[in-house]
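S.K.: As a plain string of letters, each chain reads:
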Amino acid sequence: NAGVMQNPRHLVRRRGQEARLRCSPMKGHSHVYWYRQLPEEGLKFMVYLQKENIIDESGMPKERFSAEFPKEGPSILRIQQVVRGDSAAYFCASSPSTGTYEQYFGPGTRLTVT
Amino acid sequence: ELKVEQNPLFLSMQEGKNYTIYCNYSTTSDRLYWYRQDPGKSLESLFVLLSNGAVKQEGRLMASLDTKARLSTLHITAAVHDLSATYFCAVDGGGSNYKLTFGKGTLLTVNP
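Residue numbers (my numbering), protein chains in the order written: chain A, 1 to 114; chain B, 1001 to 1112.
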């Protein structure tokens, strides 16, 4: 059973470009969490999604960031018009279903904005 | 606002020594998680503690949970170089809210 997959693993974008980060949860998992790890701030929750639904986006910046988890395909975290402050490691985690506390983390996408 | 505080943030140890990392949290949730992260890598789950008095051990690491004090400890016994990593504790929101709030992490360096 493959683990949580994220791609790309490394992404370089110039300021003002768009970044798309993909997360394929473990097989059979329908819940996805995104976290961001900034160098001086540690790991922070961004958004929690189920298939076709955003359950909790309380950690998402109000502008430029969006997330989706369609019925088919991976979850996508989209950052528009990236700025240097968006440089970070972005991790997704998946869990099987409601009522399950265990989250399995992917390898992360390291975004560098130049 | 939910807070998770770890200390120390930096820990340099000699091989063979013992030490404890502390994790205080403010939430009423009593699900406490410990993770390990190696440089440039993802998070590896070490322990999940679900009840007051829970104690779990794996190799040289032992984690415990005191829900009344809202305190968890990660004890390292006879440290070895391979334990060098950053260790995070985290709590979730309680009930059906599983989003994690992390401490800042403890960077552990074990010196020969």
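Note that these hints are calculated values from the structure, not bench results. Hints may contain errors.
[As the list claims (entries may be wrong)] Straight-line C-alpha distance at most 30 Å; calculated DSSO-like pairs for lysine-lysine:
#, chain 1, residue 1, chain 2, residue 2
1, B, Lys1104, A, Lys44
2, A, Lys51, A, Lys62
3, B, Lys1041, A, Lys62
4, B, Lys1041, B, Lys1056
5, A, Lys27, B, Lys1099
6, A, Lys62, B, Lys1099
7, A, Lys71, A, Lys27
8, B, Lys1104, B, Lys1017
9, A, Lys51, B, Lys1041
10, B, Lys1017, A, Lys62
11, B, Lys1056, A, Lys44
12, B, Lys1099, B, Lys1056
13, B, Lys1017, A, Lys71
14, B, Lys1104, B, Lys1056
15, B, Lys1068, B, Lys1056
16, A, Lys27, B, Lys1017
17, B, Lys1041, A, Lys27
18, B, Lys1104, B, Lys1041
19, A, Lys51, A, Lys71
20, A, Lys27, A, Lys51
21, B, Lys1104, B, Lys1068
22, B, Lys1017, B, Lys1056
23, A, Lys44, A, Lys27
24, A, Lys51, B, Lys1017
25, B, Lys1068, B, Lys1003
26, B, Lys1068, B, Lys1041
27, B, Lys1017, B, Lys1099
28, B, Lys1003, B, Lys1041
29, B, Lys1056, A, Lys62
30, B, Lys1056, B, Lys1003
31, B, Lys1056, A, Lys27
32, B, Lys1056, A, Lys51
33, A, Lys51, B, Lys1099
34, B, Lys1068, A, Lys51
35, B, Lys1099, B, Lys1041
36, B, Lys1017, B, Lys1041
[Claimed, not checked] Chain B is faced by these chain A residues, among others (derived, beta-carbon under 8 Å):
#, residue
37, Gly16
38, Gly42
39, Phe45
40, Phe65
Source: prediction; values computed, not measured. The beta-carbon is built from N, C-alpha and C at its ideal position, and this holds for glycine as well.
S.K.: A separate judgement is required for each hint: does it hold in the structure or not?
M.R.: Each hint tested on the structure:
no.: 1; hint: B:Lys1104 <-> A:Lys44; result: 10 Å, holds
no.: 2; hint: A:Lys51 <-> A:Lys62; result: 22 Å, holds
no.: 3; hint: B:Lys1041 <-> A:Lys62; result: 28 Å, holds
no.: 4; hint: B:Lys1041 <-> B:Lys1056; result: 24 Å, holds
no.: 5; hint: A:Lys27 <-> B:Lys1099; result: 20 Å, holds
no.: 6; hint: A:Lys62 <-> B:Lys1099; result: 19 Å, holds
no.: 7; hint: A:Lys71 <-> A:Lys27; result: 14 Å, holds
no.: 8; hint: B:Lys1104 <-> B:Lys1017; result: 23 Å, holds
no.: 9; hint: A:Lys51 <-> B:Lys1041; result: 27 Å, holds
no.: 10; hint: B:Lys1017 <-> A:Lys62; result: 47 Å, violated
no.: 11; hint: B:Lys1056 <-> A:Lys44; result: 26 Å, holds
no.: 12; hint: B:Lys1099 <-> B:Lys1056; result: 22 Å, holds
no.: 13; hint: B:Lys1017 <-> A:Lys71; result: 51 Å, violated
no.: 14; hint: B:Lys1104 <-> B:Lys1056; result: 22 Å, holds
no.: 15; hint: B:Lys1068 <-> B:Lys1056; result: 18 Å, holds
no.: 16; hint: A:Lys27 <-> B:Lys1017; result: 42 Å, violated
no.: 17; hint: B:Lys1041 <-> A:Lys27; result: 22 Å, holds
no.: 18; hint: B:Lys1104 <-> B:Lys1041; result: 16 Å, holds
no.: 19; hint: A:Lys51 <-> A:Lys71; result: 5 Å, holds
no.: 20; hint: A:Lys27 <-> A:Lys51; result: 13 Å, holds
no.: 21; hint: B:Lys1104 <-> B:Lys1068; result: 22 Å, holds
no.: 22; hint: B:Lys1017 <-> B:Lys1056; result: 20 Å, holds
no.: 23; hint: A:Lys44 <-> A:Lys27; result: 25 Å, holds
no.: 24; hint: A:Lys51 <-> B:Lys1017; result: 48 Å, violated
no.: 25; hint: B:Lys1068 <-> B:Lys1003; result: 16 Å, holds
no.: 26; hint: B:Lys1068 <-> B:Lys1041; result: 34 Å, violated
no.: 27; hint: B:Lys1017 <-> B:Lys1099; result: 35 Å, violated
no.: 28; hint: B:Lys1003 <-> B:Lys1041; result: 25 Å, holds
no.: 29; hint: B:Lys1056 <-> A:Lys62; result: 40 Å, violated
no.: 30; hint: B:Lys1056 <-> B:Lys1003; result: 23 Å, holds
no.: 31; hint: B:Lys1056 <-> A:Lys27; result: 28 Å, holds
no.: 32; hint: B:Lys1056 <-> A:Lys51; result: 34 Å, violated
no.: 33; hint: A:Lys51 <-> B:Lys1099; result: 16 Å, holds
no.: 34; hint: B:Lys1068 <-> A:Lys51; result: 37 Å, violated
no.: 35; hint: B:Lys1099 <-> B:Lys1041; result: 21 Å, holds
no.: 36; hint: B:Lys1017 <-> B:Lys1041; result: 26 Å, holds
no.: 37; hint: Gly16; result: 27 Å, violated
no.: 38; hint: Gly42; result: 5 Å, holds
no.: 39; hint: Phe45; result: 5 Å, holds
no.: 40; hint: Phe65; result: 16 Å, violated
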